[in-house]
Structures are given as C-alpha cells and as structure tokens.
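Chains as they are written, first to last, in the numbering used here: chain A, 1 to 711; chain B, 1001 to 1307.
These aren't lab readings, by the way, just hints derived from the structure by calculation.
The C-beta atom is built at its ideal place from N, Cα and C for all residues, glycine as well.
One or more of the hints may lead you astray.
Said to hold, decoys possible - Calculated lysine-lysine pairs in the DSSO-like style (CA-CA distance at most 27 Å, straight line):
| id | chain 1 | residue 1 | chain 2 | residue 2 |
| --- | --- | --- | --- | --- |
| 1 | A | LYS351 | B | LYS1015 |
| 2 | B | LYS1055 | B | LYS1092 |
| 3 | A | LYS279 | B | LYS1003 |
| 4 | B | LYS1070 | A | LYS16 |
| 5 | A | LYS590 | A | LYS603 |
| 6 | A | LYS271 | B | LYS1003 |
| 7 | A | LYS595 | A | LYS657 |
| 8 | A | LYS11 | B | LYS1168 |
| 9 | B | LYS1202 | A | LYS279 |
| 10 | A | LYS11 | B | LYS1107 |
| 11 | A | LYS11 | B | LYS1120 |
| 12 | A | LYS92 | B | LYS1095 |
| 13 | A | LYS660 | A | LYS587 |
| 14 | A | LYS15 | B | LYS1120 |
| 15 | B | LYS1117 | B | LYS1168 |
| 16 | B | LYS1092 | A | LYS15 |
| 17 | B | LYS1055 | A | LYS92 |
| 18 | A | LYS16 | B | LYS1092 |
| 19 | B | LYS1073 | A | LYS15 |
| 20 | A | LYS15 | B | LYS1070 |
To be verified - Stretch-level coverage of chain B by chain A, calculated; a stretch enters the list once three of its residues show a Cβ under 8 Å from a Cβ in chain A:
| id | region |
| --- | --- |
| 21 | 1046-1054 |
| 22 | 1080-1086 |
| 23 | 1092-1106 |
To be verified - One side only, chain B facing chain A, incomplete, derived with CB under 10 Å:
| id | residue |
| --- | --- |
| 24 | LYS1009 |
| 25 | PHE1011 |
| 26 | GLY1012 |
| 27 | LYS1070 |
| 28 | LYS1073 |
| 29 | ILE1076 |
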Amino acid sequence: MKNIFSKNVFKQAIKKLTLVSILTGLLSTMITTMLISNHHISGHNMLLRFDFDYMLYGSRGYTAVGVAPILLVVMFLCSALFTYISFNYQNKRSSADKFHSLPYTRTQQYVSRIFAILTMLYGVIILTMVTAWVTLNTSDSIYIFRYLILGTLGFMAGTTLIVGIMATAMSFTGNLLSNFTTATVLLFLPRCILFLIGMLITQTSYQIVNLNELNVFLNPSTNIPVGMILDVSKLWQYNGVSEILISPKSIIYTFVLGMAYLVIAMLISNKRKSELAGKSFINKNLSYAFAGLCVMPILSFSAYHFINRYWFTNNLSYSISKFPITLIAFSLIIFFVICIIYNGRIKGIAKGFLVFVLTGVLSLIFMVGGSAVADIQLHKTVKYDNVEYVTINLSWEKDFTNTPTYRYGILLAKDVKLDDKDLIKLLTKSLDTAITSIDKGSDSEFPLHFGTNFWCEFHMNNGRKVVRNIPVHIQTDVIEILNLLLADKEYNKALSTMPEVYIITDYSLDSIPKEYTQHANAIYESLVNEITESNGEIERRILPYYFHYDVFPNSHSNGQVDSVVVRGSFDNTAYISRYEIDNSVPKTKKVYMIKSFELNRQKFNEAIDIILTNTVDYTNLNMSVFLLNKDDDSYRLHYNYYDKESMSPNQLIKLCKDLKTIDIDEFDTYYNYARIFINIGATDKSEYIALDTYIPISEEVFNYWLKNTSN
Amino acid sequence: MIKIKNATKTFGHFKAIKNVTCSINKGSIFGIVGSNGAGKSTLLRLISGVYHLDKGEVLLDNEFIYDNPKIKKNIIFLSDTPFVELGTTAKKLMKEYAFHYDNFDKKEYKELIEIFKLDKNMPLSSFSKGMLRQAMIIIALSCNTKYIVLDEALDGLDAMIRGLVKKKIYNKVLDNNTTVIISSHSLRELEDFCDSVILIHKGELVFQQQLNDMDSSFIKVQVALQDATTDCLFEAVDVVKYMKSGSVSSLIVKGNEQEIIKTIQKFNPILLETVPLSLEEIFTYELQQYGYALDKDNESALNLEVK
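Required output: the full structure, derived from the provided sequences and hints.
See below:
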C-alpha cells in the first residue's frame, strides 16, 4: 500500500484542487437551492426536456436529475477539468521534471491524485444532494428519497467513468488538445460502435430483439454519461435520463467501467515517458491511429447504412447509394485534417492513408459482425417444451387521453412466473410467426409494424433466458393471451393491485387546485377502500388498457370523467397509474366532488358575486356550466356564456342567482350536480379569477335549466 | 556512488544518449560538459530518475533510481527550466519541498535566503531568471540530500553570485560529503570547480578527466632556438599546434613529456619550459585524437562556449 498511495502527494493534490472544488461546491449548492426554493421544476424540464421524465413526474415531482441538474455539469465537465488540473504537470517538460524527480513512485503519484480528484468530486456531489434534500424538505416539495440516494450514486459512478477516461487519455497524450480530444473519443467511440451494432440488431428484427433488453455492452443505458447523451439527442429512446441515472445496473456497470479505465490509466501512466510532455502523441503512428479512431464512427455509420439497406432490399446496387460514399469522403477529409493538426506537417501523410483504409475495413468488419449477430439473435427460436416459465411485461401503454402510462400493477405483474403450457405455446407460436414474417418481408401476410406486443422473458429449463418483444398479429390470439393472463390468479392480483399510499409522490386531479393536492390523499384512500370492498366487481376497471380494449370493450369511460393520477416508484422503476373517478365508484366520486366544492367554495362565491353585482366587464367573462345527472357520467347540458347563442346576460344573472342558493350539505340530498368553469379576466375593478369546481344542484334548478336551454 | 553503465536513451529515432558509462564518486563535484543538444540534460534526467532508460543502468548506491522513492529521497534534481506554480513564493516553495524531503533544513534555508538577499514573500514569477535560479539552488541545498543534480544551474548568474553559489556548494560537499553533479556548456565555468568532468557530444561520452590528475597525452612547451627557426622541431616531435610570438614559439606536442624535453634539448634552446594545459586545451586536443575536427573559425572545440 505504501508504494501505491502517498499521503504527501494526496495532500498536495487536494490542496491544488481546493479552490476550484470550493467554487464548484458553492455554485452547485447555490443553484440547486435556488431552483428548488423557486419551485423551478418547469425550468429544469425546459432545460432538460425529457418527455418521459415530464410524463412520469408531472409538473410537481422532482426527477432524480431534476433535483440537482447542475450535477450534470459536475459530472461531464468538472470531472474532466479536475483530472486535467491534477495531471497537467505531465504536459510540460519543466513540471514533469519536477514531479517525476520527487521521491514517489509513478503509481503513488497517480493513485494519490486520483483519490484526491474523486474525494473532491464526490464531496461536491454529496454536498449538493444533501443541500437538495434539506431544501426539498423545507420547501415541502415532492421527491423520492431513494432517488436521491440512487441519483447520488449514479452521479458518482458517471464521474468515476469520466475521471477514468480523462486519466487514460492523459496517460498517453501530452498536451491540452490531445488530452481532451482523446478523452472524447474514448468516451464515445466504443459506445458508438456498440450502439450501431445494437441498432442493426433491433432494426433488422423489427424490434423483436430490443436494444434495451440486450446485454450490458449493447444496451446504451448502462453507460450513464453516454446513455444520457444518446437519450437527449433522441438517437435512442429510453425512459429518460433520470431512469438511466438511478438504474442499479447502470450505476454498477458505469462504476466498474470507470474503475477499469482508472486501472488502465495507472498501467499506462507507469510506462508513460516523461519526454511526452508537450507533444500530442509519442510518435506519428499513434497520431494516425488516433485520427483513424476519430473517423471510425463515421465510417461505421456508412457501413451500417449500407448493410441496413442491403438487408431490407437484397439489392447490392441500391445499397451503394450516394450517402455512404459521401460519408467516406467526408471522413477522409477529417482524417487528414486531424493528422495535419497533430503532426504539424503533411510529410509522411501517405502512410496515414493506409491507416484510414484499415479503419474502414475494421468498421466494415464491425458492422458485418453486428449484422451476423443480428441474424443469430433474430432466428433464436424458443421451443415451448424447453420453457420452464415465462414472465410478461405489458410495459407502458397509452391511455384514453393518449398519454403513455406505466401502470403500478404492470410493474408488480412483470415478475410473476407463468407456467401455463397453453400460454407458452401461444407465445412461442407467435414468435415463430413473427420471425417467418420478417424473413418473408413484403410477401408476409402480416404487416410487420402492427400487432399487440408482449414483452416476454422465456426462462428455459437449462437456466438460460431469452427476452423477446413478440408482436401478436391475430386478434383472437391476443384475446386468448390476455384471458390466460387474467386466469392466472397471481398475475391477475398483481395487475389489480393499487399502490400503497406511502410510495405515492404526486396526484393529479383536474378540479382540485394544485396547491391543495394533499387533499387528494383522502380521495385516493376512498377509492382504494371502495375497490377493495367491491370484492373484484369493479377491479377490472383498474386493469391496464390492454384489457379494456381487447377483453372488456366499453369497460372504460368516455374520457370526460376525472381521474386520480398516482405517481411513485417500485423496485427502482417509476410508475404512473391513472384511476378514473366515475359512477362505478360512487362513494369516491362524492368525496371527490365535496372536496372539490369545499376547496373552491370561497372563490366560487366571489366569482358569482362579481357577476351579480355587475362589477365586471362581461367581455372578460367566460363561464361554462355542465349539468350532470347522478347516474350518468356524461355531460347532459353545456352552457357557455361567451357563446351568446347559449346564454344571454339575463340568463346568466338568473343562473348565478340559482347557483348562489347552493349549500354543500345538499350534496347528500340533491340528485344532480354541475361542473362549472369560470374565468373572469382582470380589469381595473376586479382581479383574475379562474376556477373549476363541482356543485350540487337541486332538482328544481336542474329541471329549469334543462327546459330553458337552447342546447 | 553513482554508476552509469551503457546508458542509452532514444527519443523516437533520435539517440540522445549512446552507451554512456562512467562513475561518480561520493563527496565529489562532477561536471558534465557539452554543447547544446549534446545530451547533458538527458543524462542528468537519467541520473535523477526522471527518464526511463532504454538500455543500460543507472545505480545510486547500488540501487536503481527509476521509480525508487527510497533512493530518490537522497537526490534532488534542479532542471534547467525550473517549474514554479503561479503565485508561488520562495517561502511556499520551501514548504513544498520540506513536505517532500524529510531532511529539509529550514534553518539553512533561512540563512541562505538572507545571504542571497532574496525576498521570500515575493512571487517567484516576478523574479528574474537569475534570481529564480538562486531560489532554486537554495532549495536544492536546503533539502540536504546526498546527491544534488544541477542542470546548468550556474548559467545566467552574475560573477559574484556564481562565486557565492560555488562556495556554498563546496561547503555542502565538505560538510555533508554531498555529491554534486552539475552540467554546463561552459567548460571554464566548471574547470576550477569540479573534481572531475566528462565531455559528451552527440550523446556519446567523449572524454572523462579527473581535474586533480590532469594526465594528458599532450604537453605545451615554450621554446626559443638560437638560429630562430623551429622547422627542425616538426621533424623531431609530433607538433599538433604551433604559435609564434617574437622569438618564442609555443607548441602543443603529443607524446611523453620527458622524451619530448629530451628531444628538444638536443637543439640547444635558449628557452625551454613546459606550461600547464588548461582543461579546455586538454579537451580540444584529446578530441582531435578521437577524430573530432576543430572549428576553424573558433579555436574552442565542439563550439564550447568560452567565457
């Protein structure tokens, strides 16, 4: 240990990083506090416009990244910068002389400095996250504590990787330009090649084999920094950067990769020649190799494009289009520009051309290899009698409002072991059909992009696992699969399970003002109780929409009812479940309406008074009234003041007078109710009022307006 | 003791040091002389363990120096372009080196700072080149290591300071039995200072000389003959160089001193005396023997700077 780590070097390195670390820490904590204190959630959503994050956490909850987005800067930039500051002595002959003559081994110099860098960076991350946690608590914001912990670990893992890569780059390059460019190449190149191979696999298999289900090397989400960039760039779609950051698999993989780079950097550093200081590379050949690596992604993409076209058309002349040739020409120019930059002269560049050709051949080999892997993956059939059990992840779905939804029940059900032979047979048959369809191409009787997809994990008798996203094209097969799933008691129970309150992070109810979201607890609890008491009679209403459309048509509402949206996380996966509050849950519906009126009552009375005392300019008034029958979820009548044909000013006065007689207690006795939207624009005399509430309506009022409407 | 055996260092295709073999005695001042680009700095970096040898070995007290902190604690290397961080003062530098070297003598440092009249609180970046060198020499001396390696440390210092530095180095060698290895492209700079000197040229060790034992194969004689012509001498002895001033001729002659004197006495000279050769002259003529041509325009061999 003594020959590996030196306290003296560690202290010196810490001292060198102190100022920059304090500045980073201060800035990081200040920005984080400021964003949370100002409830700047929309701000970071705009900054980091990740659709899935927004969908999952809504406008109120904080994502793991959203809690402290500044840590992205720490992870991507400060990691590289701190490493550069600590090792830039190697870039100058005089400083290299000094530090290499000191009484320490190369290993001691390297390890101690790396420890110092990581100590400072981890310190900044932990400090920022602790500050975020304190601020979140004091500002009563919604967040998931576990995400804070996982987020911290995720940022630490990402930081370790970038420090490792930067240290590796600096161990065999000798100036600022080559340090940073090599680090960039090391960070992106391997993933870029793997990503293209992965894309070949998913593209040519029509997503039966999905990138996200491939091994840790081909799944882009496992590498936190690169995965985030790919996700933001929309080159690849995942569940958002936060999900990448908090995934235990990604954290472990990124950390292990970072450690591997750190070890590689140490080995190279020990062999690093002191005389490299100030030079890009120790020799010309290395600079050619570097230029080759730089253009390899472009050449690989060219090969990818060619192979992809050939795969879908089987036409060689069609495949050789202008695009890949342009890419090759473009990469050749870049190659020579890089060679000239790093060598400072054109002499001997012809030798570099050989390296370029070699890079091209290598890229083609990678892509052809990827294509071969894709073919093997696609044709990996599953024999049903070799399957021990299968697990099915119904994955996210789109609800009636076309919003992607990841149900809590689906999360629970995805791990339920299903060993029904009929189900396994049907799924394996569907997989075979899909593969045959792909092989037939345009001659296939089934359109390859359509069908209900089932994410299946086949667990074989020999302990192996095959994951496939199976498109089932025959509707009767879909219904049969869904019925078999419902027939499995455990699966059915899991699907119908509603989240327990303690893991809920956010609600969304249309007529409950956002500032009163905490009142939604009572409504959700009522809903859970009512469904539990119904002994399964209304459970099917909370089943995923797969079942609503295919198994129980018309079991879902017409879309005009309110719903409670419950967000949270289970098993480190975020979920969003929407439950309708309709007539199938009358007790909850009543609780909901009462709560709605309670919270809006004062504002409602103010609004009616303003209209009745005629203090408002009616051109700034917009009022809509929907009359609803107790037994009917749909709106019976629709009055809209602004629509003069619907309601005259006199009618409006009469309506407001009628509405003013309402008493909340009458929710119990009154048969009917109305939903009212009022918007009164700001004038000199009045302030802006906007409200959305339910009110009880007596039968007399209901019937009067039913008769006197022009609708 | 430092032993260098077949040391070879290559930068790409350029061989900076070629099979250099020599040894440096403990408690001595060892000079390395050579023209610019001769390989002096590279050899010093090999001795200090900064560079890794491609071939051969460098042993300090019979142990390899490279990547050996135990041995490196005994050696301080002062580069020809000392590195100091921005804003570093002499005081800060002292603290830094005291941190790395266990035997650092702060008292000695304070004394030296006062003797050299340097402001220890002034940023070193505002120092002149000479002042910076002084500050670094003070640090090197205060580290109290067994070996001090100085790369062109005396260059750029004025005569008075140079004298002072030399005195302090002498004291260090005498008091602590320290070994000092110093390089310069100025032969005269080291002539009266070192115990032994090596000359390297194009990475090769050309010549090694103990200065207390100036044993050379050349002698310098001043002679005046009765018949005023010295042509006869050219046939009798191996004259390498001939100069005439009035009736007195100065000759650099190759061979054994006794035999040369005996031969010249046969011509009944009015004046015959031997004059000691300077180190530079020895190097120059010895180099000729090794096949290195003299620069016609410059009497000093191998472009060595003569001050």
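Determine which of the earlier numbered hints do not hold for this structure and return their numbers in increasing order. Of the numbered hints, 2, 3, 8 do not hold.
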